[in-house]
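K.L.:
Position chain B relative to chain A; hints supplied.
There are 2 protein chains.
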Amino acid sequence: MTTQQLHEQILQKKSFLCVGLDVDLTKIPEHLLATKDPIFEFNKAIIDATHDLTVAYKPNTAFYEAYGLKGWLSLQKTINYINEKFPDIFTIADAKRGDIGNTSSMYAKAFFEDLNFDSVTVAPYMGKDSVEPFLAFENKHTIMLALTSNEGAFDFQTLNTNGTELYKQVLETSKSWKNSHNLMYVVGATKAEYFAEIRKIVPDSFLLVPGIGAQGGSLSEVCKYGMNDQVGLLVNSARAIIYASKGTDFAEKAREEALLVQKEMEGILSL
Amino acid sequence: MTTQQLHEQILQKKSFLCVGLDVDLTKIPEHLLATKDPIFEFNKAIIDATHDLTVAYKPNTAFYEAYGLKGWLSLQKTINYINEKFPDIFTIADAKRGDIGNTSSMYAKAFFEDLNFDSVTVAPYMGKDSVEPFLAFENKHTIMLALTSNEGAFDFQTLNTNGTELYKQVLETSKSWKNSHNLMYVVGATKAEYFAEIRKIVPDSFLLVPGIGAQGGSLSEVCKYGMNDQVGLLVNSARAIIYASKGTDFAEKAREEALLVQKEMEGILSL
Chain A
0 MTTQQLHEQI
10 LQKKSFLCVG
20 LDVDLTKIPE
30 HLLATKDPIF
40 EFNKAIIDAT
50 HDLTVAYKPN
60 TAFYEAYGLK
70 GWLSLQKTIN
80 YINEKFPDIF
90 TIADAKRGDI
100 GNTSSMYAKA
110 FFEDLNFDSV
120 TVAPYMGKDS
130 VEPFLAFENK
140 HTIMLALTSN
150 EGAFDFQTLN
160 TNGTELYKQV
170 LETSKSWKNS
180 HNLMYVVGAT
190 KAEYFAEIRK
200 IVPDSFLLVP
210 GIGAQGGSLS
220 EVCKYGMNDQ
230 VGLLVNSARA
240 IIYASKGTDF
250 AEKAREEALL
260 VQKEMEGILS
270 L
Chain B
0 MTTQQLHEQI
10 LQKKSFLCVG
20 LDVDLTKIPE
30 HLLATKDPIF
40 EFNKAIIDAT
50 HDLTVAYKPN
60 TAFYEAYGLK
70 GWLSLQKTIN
80 YINEKFPDIF
90 TIADAKRGDI
100 GNTSSMYAKA
110 FFEDLNFDSV
120 TVAPYMGKDS
130 VEPFLAFENK
140 HTIMLALTSN
150 EGAFDFQTLN
160 TNGTELYKQV
170 LETSKSWKNS
180 HNLMYVVGAT
190 KAEYFAEIRK
200 IVPDSFLLVP
210 GIGAQGGSLS
220 EVCKYGMNDQ
230 VGLLVNSARA
240 IIYASKGTDF
250 AEKAREEALL
260 VQKEMEGILS
270 L
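If you're matching them up, the sequences are chains A and B in order. With numbering that gives the first Met the number 0, the residue at position 237 of the first sequence is 236, and numbering never jumps. With numbering that gives the first Met the number 0, the residue at position 40 of the second sequence is 39, and numbering never jumps.
Chain A extracted, bound-state conformation (with noise of 0.2 Å):
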């Protein structure tokens, strides 16, 4: 898919809403474990209920690697359903992988070509040549962690680097490398005020920001300081939608949340 794509299906749909597929089995509801495929089965009553309210899903590969074989397998026919069913839909493998170049070449294949996600999230630690052989995939996104949501990210992320802190020296080396157009960056909700510098280094980028909802970002100021003219934003919110109910309810009650959150972008895109 391209970044063209996906601007128009946000305004068509009036909606830059991410739903994060991040599926633990203690957290859904119970009549679904006797199912062959509880996480699976969970997903899809999910997507079914909320494709028409957002624009990606990003299931994390921790909670499918966390049940071995099966976990994958469920991940497997997860983004088989996406890609069938809703085709026009952007697919995040949230991975957060990273490693030299020969190796990152078979992560890229393992997400790109095996499993066929959109996009998938990287580290940046390991610099360049981690991060190109991802890059080399043309109309495949690669998403790098710039300034993320949790507490950790003050250890290392925002130490000054040369003058500046090093998420921006990321953000702005990573602009020097081949394919960088098929890059896009982590920004964590919880730092809204950043924003406006990130903008600054990296315009015409599209962010995926997670740490709206359980995390306790604000959608309006995340917009406010990182909306750009494409929209550039795609916010990803997982527990708050995936888990409003653990009854047999759970789906509709997901639609309800994702259709506030999609009513409130609707709102802001409006503006």
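Note that these hints are calculated values from the structure, not bench results. Be careful, since some hints might not be right.
Claimed, not checked - Below, a list of computed lysine-lysine pairs in the PhoX-like style, where the Cα atoms sit at most 20 Å apart:
| hint | chain 1 | residue 1 | chain 2 | residue 2 |
| --- | --- | --- | --- | --- |
| 1 | B | Lys26 | A | Lys108 |
| 2 | A | Lys69 | B | Lys69 |
| 3 | A | Lys26 | B | Lys108 |
| 4 | B | Lys13 | A | Lys69 |
| 5 | A | Lys43 | A | Lys108 |
| 6 | B | Lys76 | B | Lys43 |
| 7 | A | Lys26 | A | Lys252 |
| 8 | B | Lys223 | B | Lys13 |
| 9 | B | Lys76 | B | Lys108 |
| 10 | B | Lys199 | B | Lys43 |
| 11 | A | Lys69 | B | Lys84 |
| 12 | B | Lys43 | B | Lys84 |
| 13 | A | Lys177 | A | Lys108 |
| 14 | A | Lys108 | A | Lys139 |
| 15 | A | Lys108 | B | Lys69 |
| 16 | B | Lys69 | A | Lys76 |
| 17 | A | Lys199 | A | Lys174 |
| 18 | A | Lys43 | A | Lys245 |
| 19 | B | Lys177 | B | Lys43 |
| 20 | B | Lys139 | B | Lys177 |
| 21 | A | Lys35 | A | Lys76 |
Unchecked claim - Using C-beta positions, here's what the derived DEER-type ranges look like:
| hint | chain 1 | residue 1 | chain 2 | residue 2 | range |
| --- | --- | --- | --- | --- | --- |
| 22 | B | Glu171 | A | Glu171 | 21 to 27 Å |
| 23 | A | His30 | B | Gly100 | 25 to 31 Å |
| 24 | B | Pro86 | A | Leu32 | 32 to 38 Å |
| 25 | A | Glu83 | B | Asn79 | 29 to 35 Å |
| 26 | A | Glu150 | B | Ala195 | 31 to 37 Å |
| 27 | A | Leu10 | B | Pro86 | 56 to 62 Å |
| 28 | B | Gln11 | A | Gly162 | 49 to 55 Å |
| 29 | A | Glu251 | B | Glu171 | 58 to 64 Å |
| 30 | A | Leu268 | B | Glu220 | 54 to 60 Å |
| 31 | B | Gly246 | A | Thr25 | 48 to 54 Å |
| 32 | B | Lys84 | A | Asn79 | 34 to 40 Å |
Unchecked claim - Which stretches of chain B does chain A cover? Using the computed rule of at least three CB atoms under 8 Å from a CB of chain A, they are:
| hint | region |
| --- | --- |
| 33 | 86-98 |
| 34 | 117-130 |
| 35 | 135-149 |
| 36 | 156-164 |
Ideal Cβ positions, reconstructed from N, Cα and C, are used throughout, including at glycine.
P.N.:
Frame of chain A; chain B shown alone:
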């Protein structure tokens, strides 16, 4: 496994070699491709041929994920085979994971519980709460990237942060984390002179050292600067050993290569 047990194994085998099981189907002997699970058959033969010369095996998860479900199954069979047949050998899931707290807990569960590895590699960028969930597992080890062996290491890891290089700040900061005694660190062999500086910060920790062999690092140089009185080094070699031959003699040739390294290590340990 405790680090004490690892140290005893090193003394007994006169080796601190770690064999990297980075299995690429395009590089393994053709006759294996006709078997039901070529990756596992390859690993099994390599393990059977080298287990008395090596103290650790390190499958890189990328190489398994690239083959989807079948690859994950090969990884599971490989770790189970090592754990059952050679339970004294230290196992490393080279996964370079790291995410917000509840997600890192899921990764820790995947590698420490579901797959039962002794250790997993993690990336530091997201800071304390992305690593501590791994450290919570007693007698499991979390091997954090400090200074890697690739070219991109110089993009961010060696940036000057508050008067010192970022990787030194990473080492220093991590010592204050909860259960930091369960930390080991990745330090690339291509920069042997850096080991002296690193040992000032983490004198007692085990260091996992990639970059010997295909990446060009010198074993004697690394040992000169990096060894401590518990040895404190696990030196990884992957391609130079596992791809020593593409013929039916691949396991035998892998043993010959491993033996060369082990003999060099034996010489160093006897000094």
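K.L.:
Run every hint past the structure and note whether it holds.
P.N.:
Here's how the hints hold up against the structure:
1. Lys26(B) <-> Lys108(A): holds, 16 Å
2. Lys69(A) <-> Lys69(B): Holds. Lys69(A) to Lys69(B) sits at ~12 Å (cutoff 20 Å).
3. Lys26(A) <-> Lys108(B): Since the Cα atoms of Lys26(A) and Lys108(B) sit roughly 16 Å apart, the hinted pair holds (cutoff 20 Å).
4. Lys13(B) <-> Lys69(A): violated, 40 Å
5. Lys43(A) <-> Lys108(A): Violated, at roughly 25 Å.
6. Lys76(B) <-> Lys43(B): holds, 9 Å
7. Lys26(A) <-> Lys252(A): Given pair Lys26(A), Lys252(A) holds - Cα atoms ~15 Å apart, limit 20 Å.
8. Lys223(B) <-> Lys13(B): holds, 17 Å
9. Lys76(B) <-> Lys108(B): holds, 18 Å
10. Lys199(B) <-> Lys43(B): violated, 39 Å
11. Lys69(A) <-> Lys84(B): Violated, at roughly 25 Å.
12. Lys43(B) <-> Lys84(B): holds, 10 Å
13. Lys177(A) <-> Lys108(A): holds, 18 Å
14. Lys108(A) <-> Lys139(A): holds, 11 Å
15. Lys108(A) <-> Lys69(B): holds, 14 Å
16. Lys69(B) <-> Lys76(A): At roughly 14 Å apart (the allowed maximum being 20 Å), Lys76(A) and Lys69(B) satisfy the hint.
17. Lys199(A) <-> Lys174(A): holds, 13 Å
18. Lys43(A) <-> Lys245(A): holds, 16 Å
19. Lys177(B) <-> Lys43(B): Violated - the C-alpha atoms of Lys43(B) and Lys177(B) are around 37 Å apart, more than 20 Å.
20. Lys139(B) <-> Lys177(B): holds, 14 Å
21. Lys35(A) <-> Lys76(A): Holds. Lys35(A) to Lys76(A) sits at ~13 Å (cutoff 20 Å).
22. Glu171(B) <-> Glu171(A): 21 to 27 Å: holds, 25 Å
23. His30(A) <-> Gly100(B): 25 to 31 Å: holds, 29 Å
24. Pro86(B) <-> Leu32(A): 32 to 38 Å: holds, 33 Å
25. Glu83(A) <-> Asn79(B): 29 to 35 Å: holds, 34 Å
26. Glu150(A) <-> Ala195(B): 31 to 37 Å: Between Glu150(A) and Ala195(B), where Cβ atoms are some 33 Å apart, the hint holds.
27. Leu10(A) <-> Pro86(B): 56 to 62 Å: holds, 59 Å
28. Gln11(B) <-> Gly162(A): 49 to 55 Å: Holds: the Cβ-Cβ distance is about 52 Å, inside 49 to 55 Å.
29. Glu251(A) <-> Glu171(B): 58 to 64 Å: violated, 51 Å
30. Leu268(A) <-> Glu220(B): 54 to 60 Å: holds, 59 Å
31. Gly246(B) <-> Thr25(A): 48 to 54 Å: holds, 50 Å
32. Lys84(B) <-> Asn79(A): 34 to 40 Å: 36 Å Cβ-Cβ, so the 34 to 40 Å window holds.
33. 86-98: holds (count 5)
34. 117-130: holds (count 9)
35. 135-149: holds (count 4)
36. 156-164: It holds, with 5 qualifying residues against the three required.
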